Amino acid sequence: MTPLSQLLPGQFGKLASLNPERGVDQRLMALGLLPGMVLKLIRKAPLGDPLAIEFAGQVVSLRLAEAENLIVDVSADCPIQRPRQP
Amino acid sequence: MSAPDTGLLVALVGNPNTGKSTLFNALTGLRQRVGNYPGVTVARKSGTCDLGEGQKVELVDLPGLYSLSAASPDEQVVTDALAGNIAGDRRPDAVLLVVDATNLLRNLFLASQVAELGLPVVLVLNQADVAKEQGLRIDTDLLSRRLGGVPVVLTSAWKGEGVAEIRRALARALAEKTQLARVAWPAEIARALGDVAAAASAGTDRAVSAADAQRLLFDATPSTAERLGWSAAARDKVLRSARDRVRNAGYNPMAAEPLVHYAHLRALLDGVVAEGLGKAGRTAAVDRLLLHRVLGPVLFVGIMLGFFASVFWLAKFPMGWIQSGVDALKLFVAPPLEPYPMLQSLLADGIVGGVGAFLTFLPQILILFLFLGVLEDSGYMARAAFIMDRLFSWCGLNGKSFVPMLSGFACAIPSLLSTRTIEDPKARLATAFVVPFMSCSARFPVYALMCGAFIGPLYGAGWESVVMVAMHCVGLLFAVPTAFVLTRLVLKVKPQPFVLELPRYQLPKPRDVLWRMWQNAAEFVSKAGTVIFAITIVVWALSYFPRDAAVAERVRAASPTLSADALRARIQAAYVEQSYMGRFGKAVQPAFDPLGFDWKITVGVLASFPAREVIVSTLGVTYSVGEGAEADSQALRKAMQDARWPEGPRAGSPIFSLAAVLALMVFFALCSQCGPTVATLAQETGGWRWAALSFGYMTLLAWAVAALVYQVVSRLA
Ligand SMILES: Nc1nc2c(ncn2[C@@H]2O[C@H](COP(=O)(O)OP(=O)(O)OP(=O)(O)O)[C@@H](O)[C@H]2O)c(=O)[nH]1
Ligand SMILES: [Mg+2]
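Sequences listed follow chains Z and C, in order. Each residue of the first sequence is one higher than the one before, starting from 0 at the first, in numbering that gives the first Met the number 0. Each residue of the second sequence is one higher than the one before, starting from 0 at the first, in numbering that gives the first Met the number 0.
This is chain C alone, in the form it adopts within the complex (with noise of 0.2 Å):
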């Protein structure tokens, strides 16, 4: 039985970090991602909420703002939906205004500003909890009486203390169209708000409401008057004339909407807030010892170092316990197949070899998402942006740049979503561009596989661990540079502010922190079941197809003497290189002759392309076709270490020498080989035009440098 779809919208609104997506989960029972960093939301998303009473309303869950006048996309994203201006989306029935309990005199100014949208309103006063500890008493009845007889509803969304009461307030509030009171305009600015209104609609059809008004009045920025169609030219002087009018009363037009609202609300408010006896939070004291002058950065670095530790060594054991898992499978499906090669050589080669070896970098996924979920939700990271502001600030950057590159050591596509934060369109984009080169959780596979099979075993596991952390630090060396050129010669960024709340430190709370580890290993396994799948099966079939026993017969007749394991290896060689791949393989080699791949490391290098881990199960595949049984994981190293340029200037020699090896990590390291995040690219600067550069540019990059690297370590080795 479910309630009727009443067809109603509400949107989430409220100042950032104060609890709209726990509240939106707790209230559609989706799993929107929550943290203690302001500005985790980005987009808008929406789900459906049960009011109880057979009604059913949509909620918007939407990013946080601290002002309507909008400077940033994540910001604009809320205005344009609250004016009902995203394609396909209505303008909102009602607003569910969440406000930080523990600092109403600040939260409610956008409150003040919502008030002039004239729609119904319920207001959530969230972290009740931390407003208790704190010794805070609300007298909620008094606060609704002075708004205007809105519902307040008391909660702590993250315990769903209140949600049922939000439920029946929403239900009220839709019924009786409860409307937050508006504060009383002086005079003059009431008639130049008029004035701006009249002049606006003036000859048109367009409906300029009270909110829009006050934009195009108090807002330098055009944005508003650009989203009404209001044209430069007649604007000016009517803006102009307003403003004057403003002036005479006494105002800065700039000034005149905050200096007006917090002289309402300080009056409003006086008398609904008790201070009690209450903790002093810590905050301050774990700040005097993060934030420290010598012991900040040393904890800085050191947590950062413990974070790609723990990723790299904690791994370990859950890895080796997937491989055996991924090893004992193949056993386990190859001997039955035994009567039916080419089904053999699908299953053990292809989909377990390919994929299994895939999916043993899982456990990597989860550590780096707990990580960034305990560095998220505790409130460090705006610390640690706070830290790193002054080395952005080099390159007309600003530290909140910083989180999108540090997740970018994650997965780049979630990072790229999260430069909305940034204002300044051009240091915006050039976060955006440079976000790429972060050494991102799918380029692990390649240099664990790279590190574990040469790496370690020739040179010790002390090298094995210098060369992983060293590739992790290509990109970022990469990375520096393009930011500066961009922002300094090709952008012309002007220097950022860097205006960013530190919030309070919390304990990460397990739930969030595992939901979203569960989130990204769902997505990582689902990607292994379909494009990694997919990939795989099509690099299985070219290499083994054609098969034509003519194939085998002539190396028989020509090796007879050989023994039998001998001479099965000599055949699979041959029908591998004789396969389409191998003749494909052949013709683009030359290409990457300089960085000394072979064909089959070419053809792994070019099936990369729409995701980078695909390598390593195609290494996989290419270096185990018709394996079967034998196949295990050590055979792939093992067959790798073993693999020698048949012919040529090099021939005799490993192909996996120490120069090759550093260069395949290398070009790894720095090409773009990612379909996703090449779309979203494209996609949040508004065009292909820098997606394309972004490609074209790192990928020749790491075509360069992987050759230099090439050319002068198998020179000097």
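Just chain Z, same shape as in the assembly (with noise of 0.2 Å):
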């Protein structure tokens, strides 16, 4: 179990849990993450932050500090389910 803030660029992980009650999570699970996804950490920014994610067909920003509490299982063996590149 890692924070998203922490993975690899090109890491792919599967959400394990996010913070409900936060306005940025609630955002994301009307995008779709929710625990269970399988997400993937394109790049981050130039000066370090925000980061870029893919999951369920697209790419999204998101800063550091949020990422932090995505917390993501990089064990589960995803890249079966790769999320198809838009």
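Hints should not be assumed to be uniformly reliable.
List of simulated lysine-lysine pairs, BS3-like, C-alpha gap at most 30 Å [claimed, not checked]:
#: 1; chain 1: C; residue 1: 585; chain 2: Z; residue 2: 43
#: 2; chain 1: C; residue 1: 158; chain 2: Z; residue 2: 43
#: 3; chain 1: C; residue 1: 637; chain 2: C; residue 2: 315
#: 4; chain 1: Z; residue 1: 13; chain 2: C; residue 2: 131
#: 5; chain 1: Z; residue 1: 43; chain 2: C; residue 2: 425
#: 6; chain 1: C; residue 1: 493; chain 2: Z; residue 2: 39
#: 7; chain 1: C; residue 1: 158; chain 2: C; residue 2: 508
#: 8; chain 1: Z; residue 1: 43; chain 2: C; residue 2: 493
#: 9; chain 1: Z; residue 1: 39; chain 2: C; residue 2: 278
#: 10; chain 1: C; residue 1: 131; chain 2: Z; residue 2: 39
#: 11; chain 1: C; residue 1: 585; chain 2: C; residue 2: 637
#: 12; chain 1: Z; residue 1: 13; chain 2: C; residue 2: 278
Facing chain Z, a subset of chain C residues (Cβ under 8 Å, in silico) [unchecked claim]:
#: 13; residue: 66
#: 14; residue: 104
#: 15; residue: 388
#: 16; residue: 500
Keep in mind that the hints were calculated from the coordinates and are not lab data. Predicted, not measured: the structure shown is a model, and the values here were computed from it. Each residue gets a CB set at the ideal place from its N, CA and C atoms; glycine is no exception.
These two chains come separately, so use the hints to put the complex back together.
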């Protein structure tokens, strides 16, 4: 279990938990980022923050501080369910 | 022959950037702005759509949104429109739900929420061309059946494919009232929703729909309760116990809605989309380059420099042509009017000279909007926001503030409207407050005139460019600390989240880009024909009258030995000086004396408060009144170069010294001289308080900085 903020660019993970009370997480849930969803950290912005993550066929930006509270399971065998590249 | 209007209202609803406005344009023949950035449309706009078979409906284009639980004002527009909560607007009779065919799952979440509104729906799967390219095959019949029989239409709105089917489907939906199937809520959640609906409507005549009950139960924000007028005291206990009920069923109340909907949608979409062989998009590859750690920022700076450089240098040639056209026109209208000096002066100096000076800047406007259009429609704008977010975070803002600020270099008014995509009201206010500092295209003529007449001839083309670029940075230089103080100390903005979808890249569509250029050019020209025209004539009249023949006599008597030409110029000067404008300018000039402005510049500055570009035509008038046929564009430059202080401590030295020229440009860079901007600011910030503050702050700042520049430079030089 690792915070999303600690994933390496290119690494996949499966969302284990988030904090539904937070406004950002509510936005992400509306976009389909729910526990069990496979996601990929595509890259960090040139200045190190924000991140670009891919899930459910879309690429979305997210700040490091917000990614800290998204807990990801990197041991899960995700690459098979690779999200499609948009 | 026109079909009868059915009086029905249809709303376009869907995720951002799915093609709603493109479809709106195809269905109504109107021209809404379109672009590849989530959040191009920020207000509602309606048009008439012909359904065929003698039926017409009113179609409303709305901003995009991901969820009906609205966070930002542009999203609020949609929820208000769907609730019939916008003044003078009814609840829509049907919804045209536009969905990106390449990402049904995410897009249909909103559809599940819309289903609860109980309105007739047509589901449009747009961007079918892209889906096909990606090798996706969508079984629309199966999807339609699973969704309860609503018409499902596959379209490529951009090419106009499928638009005729939409008209037919819409007619059918309105006739048959086809509704989206609703999700089956788990029993405990259904009961909680029932409790909320009952309690919210208990003892009142307010109607609480199923959709309202869901918003009340699932949203952390109270906007729905406020719209319904359900007081905090009354609702707190009800909502708490209803949410407890949801929790007991094993759901977090804040997550229940997406969890239930997405589980339902996953099952619903099973077997609907077949993934065949397709081309992987190039977006990921392009991003590897444009968002590269090192190359990304380098390219970003390069693109921005290219953007401004081409606005300056590419425009030079067409500007020269317009200039020659204006001069030729002057030579054409002036001679036949020789017998009527007043009419000649009005036409040649006032109208052709003043308005013509302004129109010269049309090429710049076109190139500016060409670049903005290409940046936006290619998909780069969202990446620029992504790269810049870190810098904006220091001011408590986020990357979404980048788009209003960049487009502020074109015009502040659309930029102020585009701040509506920013969720946090304080961050939005801070962004709106600094947008007018961006060096908009109306400031350009001022810089171009000053640099062209003084910096270039005196110091060479190199320095001219440097000063041009520097002037565009002056506003930014003061905007950043202003934003910092405002967000950190005054408004105390909390750190902003930054969730922005990065759309796929596409080749900019020439039609959309050209249309945007054309619309802005038309606006610019019509402004020349209205506001600028009117102010120019007023300024001309004020500097032409009174025209007492005695003035000329007096000058002639005082200097009988002068040549005809010199005498003529002397008389001219005498007239302007004793005109209404001359007297007024001289009375006010002391206030601008520390900035090194003479009374003519002072008049120009004052006349420019409604619209800053006026300074160019005003100087054109005051420096060439009565010159008639001889005056061409070079004459204005020359008249300004030759202008000397007639008296006072600076007597004999040039009025347009380096110090005064720089001070004048800095003043225009910082001053709030645009009526429409102040009005829009008031409208967007909900009152005159912030607009007045902005006006006062910018004007005082402009005066103080310009005075500082003048005093320092004139001492050094
Ligand atoms: N390939 C393709 N692109 C399309 C199609 N329809 C629209 N687009 C493009 O998608 C982008 C978004 O289109 P808009 O019409 O501005 O989308 P919108 O839904 O109004 O977006 P917002 O106002 O931001 O919510 C533009 O660049 C369009 O050119 C289509 O059928 N195929
Ligand atoms: Mg739109």
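Sort out which numbered hints this structure fails and list those numbers smallest first.
Numbers 1 and 2 - these are the hints that the structure violates, sorted from lowest upward.
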